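There are 2 protein chains.
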Amino acid sequence: MSAADALETLLTAGGAELARGLRATEARLAEVAEGHGPELGRHASGTLSAGGKRLRPVIVFLCGGSGEGLLRAAAAVELLHMASLVHDDVLDRAPLRRGAPTVFASGGRGAAVATGDLLFSRAFAELRRTGSEPAVAALSEASSALARGELVQRADAWSASVSAERYLQRCELKTASLFAAAARLGALLGDDSTPADADALAGFGRRIGLAFQILDDVLDVSGPAERTGKHRGTDLLDGTVTLPLILARERDPDLAAMDLRALVSSPAQADAVCDRIARTGALGAAREEALHHVAEAKAALTGAQLPESRGEALQLVADGVVERYA
Amino acid sequence: MSAADALETLLTAGGAELARGLRATEARLAEVAEGHGPELGRHASGTLSAGGKRLRPVIVFLCGGSGEGLLRAAAAVELLHMASLVHDDVLDRAPLRRGAPTVFASGGRGAAVATGDLLFSRAFAELRRTGSEPAVAALSEASSALARGELVQRADAWSASVSAERYLQRCELKTASLFAAAARLGALLGDDSTPADADALAGFGRRIGLAFQILDDVLDVSGPAERTGKHRGTDLLDGTVTLPLILARERDPDLAAMDLRALVSSPAQADAVCDRIARTGALGAAREEALHHVAEAKAALTGAQLPESRGEALQLVADGVVERYA
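Protein chains in written order, with our numbering: chain A, 1 to 326; chain B, 1 to 326.
Derived by calculation from the structure, the hints in this document are not laboratory data. Values in this document were obtained by computation on a predicted structure and should not be read as measured data. Heads up, the beta-carbon is just placed ideally off N, CA and C, and yes, glycines get one too. A few of these clues could be false.
Unchecked claim - Pair ranges (Cβ atoms, derived): (1) B:PRO307 with A:ALA16: 37 to 45 Å; (2) A:ALA105 with B:GLY239: 17 to 25 Å; (3) B:ALA295 with A:TRP158: 54 to 62 Å.
Work the whole structure out from these sequences, hints included.
Dropping the structure here:
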């Protein structure tokens with residue numbers, strides 16, 4: 001059985017605590033979408049129900065086990081994730097996400113900015129009900145990091161000099177911070193966790209987030225488009241310099257010497273640059289980097305005192321991130 | 001001496017607790033702008049230092065008196081206010097605010113959405129340090145209300161059927177909620193306040209916020225442009241239906257019958273509609289409505305047990321809101 005199948009079994013097994021938690025999270029997200037006036041409902045219910053893997057809530061529940069605040073935390077991290085997606089779609093003028101029209105496409109820029117703001121606000125409203133100041137601190141740090149990551153990405157757009165180190169810093173901000181927060185919130189709000197667990201599990205979340213982002217960036221270059229729902233080289237077209245391009249530039253001096261903006265001005269050209277990146281072997285090297293972070297994530301788990309079943313489930317989550325992109 | 005002059009004296013008197021609090025707030029806002037990477041600093045320091053009246057922090061300090069958390073609360077409400085302005089400028093594609101280029105103008109849509117998100121996040125990061133769950137609750141409710149107000153405004157744009165009641169609901173969300181939160185935070189975090197004070201002072205803040213928004217909307221129709229920094233009828237041009245137009249429609253059936261979108265498609269036409277609204281006497285009626293809320297605000301103050309000097313200062317704040325638009 002693949003890790004994905006094993007995880008699927010874990011998630012849908014009727015009696016499991018995790019499956020109950022995830023169902024309760026869905027119900028809570030639907031309540032939030034419907035509970036703030038028809039103006040939000042119209043835009044947000046589509047966004048919230050469009051689903052996705054709910055990977056961040058899964059991490060909350062598996063890191064936390066049981067505890068009253070876990071549902072709040074699971075809803076909060078997903079609301080924050082959704083808020084950032086809704087705003088990203090404004091920046092990218094994206095028409096579709098997961099096959100459904102984005103809030104930007106259906107409601108316009110104004111509705112999308114405001115809907116994102118409202119989802120952000122509801123994330124904090126959910127979490128503060130736990131009464132845990134460290135939990136609110138973890139969420140506000142992650143929320144700041146997401147926005148900083150977006151700013152760094154804008155500042156580095158089209159740059160010829162983005163290093164792998166700078167790229168990884170951006171991934172920390174944009175993606176890893178919220179995975180780390182999800183794990184930390186689980187540990188903070190779970191009934192039987194210790195402060196040492198919180199740090200170890202946050203380290204797990206962070207590494208998983210890095211691997212997740214790197215593999216996502218590899219997929220943007222490798223395709224196929226059927227997997228991503230968008231054509232290859234979307235990042236190239238908006239000037240986002242990711243690890244595959246950075247590593248390819250190190251291997252192909254001609255590519256390094258070229259101005260990205262001049263090189264990529266149409267989807268057909270982006271396709272050609274993707275092929276050129278692939279020919280350097282950079283995709284394999286980037287995948288290796290991601291696998292390194294997955295291994296480090298698993299190693300971090302040994303620092304937390306988790307019941308065996310939850311530890312094994314988190315290993316499956318780690319493997320699932322890799323398999324998703326295999 | 002006018003209320004504005006009296007308030008100015010109050011704010012700048014070197015020894016006063018309020019003046020110290022406001023100076024500390026400025027310093028804290030500058031730290032936040034500089035403390036989150038050059039990407040934020042570039043965009044946010046202009047926004048945060050562009051100043052304004054810092055009316056919301058003034059309300060925090062006057063409602064709270066003394067207390068360790070007041071500086072956090074003052075910075076938090078101003079950060080949230082700034083975040084909403086930065087996002088509003090994206091929606092309105094505004095080139096200038098208070099005579100300086102907006103983040104939207106200098107950094108583009110992406111930088112402005114992300115900068116607003118970061119300022120939102122820092123507002124919660126500031127306030128959670130008070131360790132007060134009711135305080136974080138008040139901020140997250142206000143933050144949600146701001147976003148809902150924006151959504152309602154978008155939903156009602158160009159509508160011929162927006163009632164005065166619906167308009168006031170929108171003002172509650174968009175403006176009054178944050179004034180109410182500022183007052184409540186002051187009371188929650190002030191050393192000598194009671195729960196009854198918090199409700200009374202939140203009522204004061206709410207009424208001041210309503211008056212503030214109504215008078216701002218009157219000024220958009222009455223001009224002069226030198227006062228507002230933008231030409232008359234900006235609201236009309238983007239389809240925002242405000243109290244002057246609502247009251248004018250009740251008085252001028254021909255105006256009521258006309259389609260706003262057809263009526264206002266150029267600044268010159270907006271100017272003409274502003275004149276037409278003014279001729280109905282709607283501006284005076286809208287000002288009356290604002291004065292009613294100022295009177296109610298002052299009445300609400302009697303429900304709070306404040307030292308005489310702070311009560312008098314809050315009366316000056318109320319009068320100052322009116323005078324600003326006189």
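Hint by hint, here is what the structure shows:
no.: 1; hint: B:PRO307 with A:ALA16: 37 to 45 Å; verdict: 58 Å, violated
no.: 2; hint: A:ALA105 with B:GLY239: 17 to 25 Å; verdict: 20 Å, holds
no.: 3; hint: B:ALA295 with A:TRP158: 54 to 62 Å; verdict: 57 Å, holds
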